[in-house]
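Letter by letter, the chains look like this.
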Amino acid sequence: MESGRLIEDVPRQGADNMAIDEMLLRRSSMSASPTLRFYFWDRPTVSLGYFQSLNAREDHAPSLTLPLVRRATGGGAIVHHQELTYSLIIPITDRLKNQHRDYYFAVHRGVIATLAKLGIEAELAEGTQARQDDPFLCFERRADGDVLIQGHKVLGSAQRRHASALLQHGSLLLQKSIFAPSLRGIQDLSRSAIETETLIFELCNGIQASIKNAWNSKPLVQTELEEATEIRRLKFGHEAWTGKR
Amino acid sequence: MKLEELLYADTHEWVLVEDQDAAKIATVGISKFAVEQLTDLVYIELPSVGTETQSGKEFGEVESVKAVSPLYSPVDGEVVEVNESLKDALETLNDDAYDGGWMIKVRLSDEASLSKLLDHAAYEKQCADES
Chain A
1 MESGRLIEDV PRQGADNMAI DEMLLRRSSM SASPTLRFYF WDRPTVSLGY FQSLNAREDH
61 APSLTLPLVR RATGGGAIVH HQELTYSLII PITDRLKNQH RDYYFAVHRG VIATLAKLGI
121 EAELAEGTQA RQDDPFLCFE RRADGDVLIQ GHKVLGSAQR RHASALLQHG SLLLQKSIFA
181 PSLRGIQDLS RSAIETETLI FELCNGIQAS IKNAWNSKPL VQTELEEATE IRRLKFGHEA
241 WTGKR
Chain B
246 MKLEELLYAD THEWVLVEDQ DAAKIATVGI SKFAVEQLTD LVYIELPSVG TETQSGKEFG
306 EVESVKAVSP LYSPVDGEVV EVNESLKDAL ETLNDDAYDG GWMIKVRLSD EASLSKLLDH
366 AAYEKQCADE S
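Line by line, the protein sequences give chains A and B. Everything in the first sequence is counted per my numbering, starting at 1 for the first residue and increasing by one. Everything in the second sequence is counted per my numbering, starting at 246 for the first residue and increasing by one.
Bound conformation, chain A alone (with noise of 0.2 angstroms):
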């Protein structure tokens, strides 16, 4: 696999976020190496997973009042404050390999190698079972390969795939949240202040640990901006896709 681009993106609304993500994964198709890409939240938002319905939010009093996006990838919802979210597109031949679940547990034993350069003790849930009464939030769910600290879950992953490429979002909480009070951030179980820059730089290492990959840093370029922002009128932003189900 040929190195791949990393983005360190500035914070930005959801459906931007939502957007540009969904750029990448589109124009994926032109490259033969990843993307990955770190981004924050210009506001504390809920991200609901696909097939989730927006009803459902009703039941978790505490982000209520949150602005909100339908993710592309699956799983639970997520409360995007305190936390780092990072986008893996890869390309991809076969849609359906369960191989494909592989990329959950490289990049989650990357983030734990990462942790535990920093000092920090995780490991990967296992022996789980996907159910459509699972709860809300993505982290108070468990599936085999989410990454847990003194069983608290701190980084969950979801993927879409498409026929000649895979986009996996990941969300890993740094403290606990006002809008998600019932969760716990890796600098509370660790009680360590890390810094976010020395936090992305070491994951960057880790992840290329465990995937064989390089990164190289390469920021958005403005003809990409301008088709996120088409993608986000269409789509992310568009109360029909927020409002699917």
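Treat the hints as calculated values from the structure; they're not laboratory data. Just so you know, these numbers come straight off a predicted model, no measurement behind them. Cβ atoms here follow ideal geometry from the backbone N, Cα and C, with glycine treated the same way. Honestly, I wouldn't trust all of these hints.
Stated by the list, open to error - Examples of chain A residues toward chain B, derived with CB under 10 angstroms:
(1) S3
(2) S33
(3) R37
(4) K97
(5) R101
(6) C138
(7) S157
(8) T242
(9) R245
Position chain B against the provided structure of chain A, taking the given hints into account.
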């Protein structure tokens, strides 16, 4: 259903073509190999009756282990029937991908797309190569 009588897309959908009232009706589902690869299906979305399908274009989606994957139509035509019971009984796909696990029936508008599909032997070879 005899697997040898079906046609298959390289994207793992199967097709049974039958004559019905002077029209050709294609029943479409996904292969047992696909179901096994997906594992733990939790959601499915299928089109409404009346939707136009186009060969190689998405007609639905499934979610398994937090991964959303599109379902690609192997044929051109109009959806005339949808297996609505699948949504609440996805285990049917594990037990019976070819009979109870059918997804949509399509009245073909053009049979040209059928020539691009694989027969059972060719599809089995593709699955063996991918395993």
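We went through each hint and held it up to the structure:
1. S3: Interface hint status for A:S3: violated (26 angstroms vs cutoff 10 angstroms).
2. S33: violated (21 angstroms)
3. R37: violated (19 angstroms)
4. K97: Since chain B brings a Cβ to about 6 angstroms from A:K97, closer than 10 angstroms, the hint holds.
5. R101: holds (6 angstroms)
6. C138: OK, holds: A:C138 within 10 angstroms of chain B, min 8 angstroms.
7. S157: This interface hint holds because 7 angstroms falls under the 10 angstroms limit.
8. T242: violated (16 angstroms)
9. R245: Holds, because the Cβ-Cβ distance from A:R245 to chain B comes to roughly 8 angstroms (cut-off 10 angstroms).
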